[in-house]
Amino acid sequence: MTHMTKKVALVVGGASGIGLAIATRLVAEGAIVYLTGRDAEAVANAAREAGQGTQGLVADAGVPEQLEHAIEAVRRAEGKIDALVFNAGISEFAPLENLSADQFDQHFSINVRGAVLALKSAVAIMPIGASVVLIGSVAGQAGVANFSTYAATKAALRSYVRSLTAELAPRGIRINMVSPGPTDTAMFASVPNEVRAAVVSSIPLGRMAQPSEVAAAAAFLLGPDASFIAGAELCVDGGAKQV
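Using this note's numbering, count along the sequence shown one by one with no gaps and you end on 250.
Don't take every hint at face value.
Below, computed lysine-lysine pairings styled on DSSO-like, alpha-carbon distance capped at 27 Å [what the hints assert, rightly or not]:
hint, residue 1, residue 2
1, LYS13, LYS127
2, LYS127, LYS87
3, LYS248, LYS127
Hints in this document: simulated from the structure, not taken from any laboratory. Just so you know, these numbers come straight off a predicted model, no measurement behind them.
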C-alpha cells in the first residue's frame, strides 16, 4: 500500500484509539505523518507506535493557538499538508437537566470549533489535490438520549462538510466525513458487559467496529481512489443506523 507516498498528513487527535489507527494506516500507505494530542507522554508513545518516523506534536484541540502552532510546525518542516484528519473530540454523559454551560461550551469548543479552526489554519498550505476527513459519528444522524450535545456537535460537522465542499472544491481540495458507530476502543473497555451486549445486539453485523476499520475508511477518502468523492459521509457502523 503506497497510495500516500511522500504525502504529508496531519492527524489532529491521533494519540490513541481511532486517531492512532488512522496515523498508523497512513504510515503504512507511505505518508509522512504528524499527530497531535494533549498529553506529551501519550503523544510520544503514539508516534513511536505509528512508526516510520511519525512526529508527535502536543496541542489541545480546544485551544486555537496550540493548533496553529502545530500546523506551523508542519509547515516549517514540510511546507505543505496533503491530508488533514480531525479526530479530536469529547463525549460526556450529559442529560438535559444536568447539562452545564461549561459542558456545552467544551463540547462545541473541541468538537466543532477545533475542527473548523484547524482547517482554517491548514488550508493555506494545502495544495491542489489535498484532502480533509473529519471524524463524525452516527450519533449525529439520530437522537441519542443523554448525549444530545455530543450528537449535536457531530451533526454540526456534517453541515460544515457540505458547505465547505462548495467552498474548497474550486481550490482542488476535497472534504469528507467518516462516521463510526460503536467502536472497540479504550472508551468501551470499562463499559459493563450487559451494556456492551445491548450495543452489539443493535448492530446488524453483530459486533463493534475495530479502529483499523475506521482507519481504512479514512485512508480511502484521503487517497486517490476517492478522487471524485467530496462532501460525503461514510458510515462505518455495521449497518446500525442504516436499517
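LYS13 paired with LYS127 [C-alpha distance capped at 27 Å]
Roughly 23 Å separates the two Cα atoms, so the pair holds.
Straight-line alpha-carbon gap LYS127 to LYS87, limit 27 Å:
holds, 14 Å
Straight-line alpha-carbon gap LYS248 to LYS127, limit 27 Å
Roughly 31 Å between the alpha carbons, so the hint for LYS248 and LYS127 is violated.
In terms of the numbered hints stated before, the structure departs from hint 3 and from no other.
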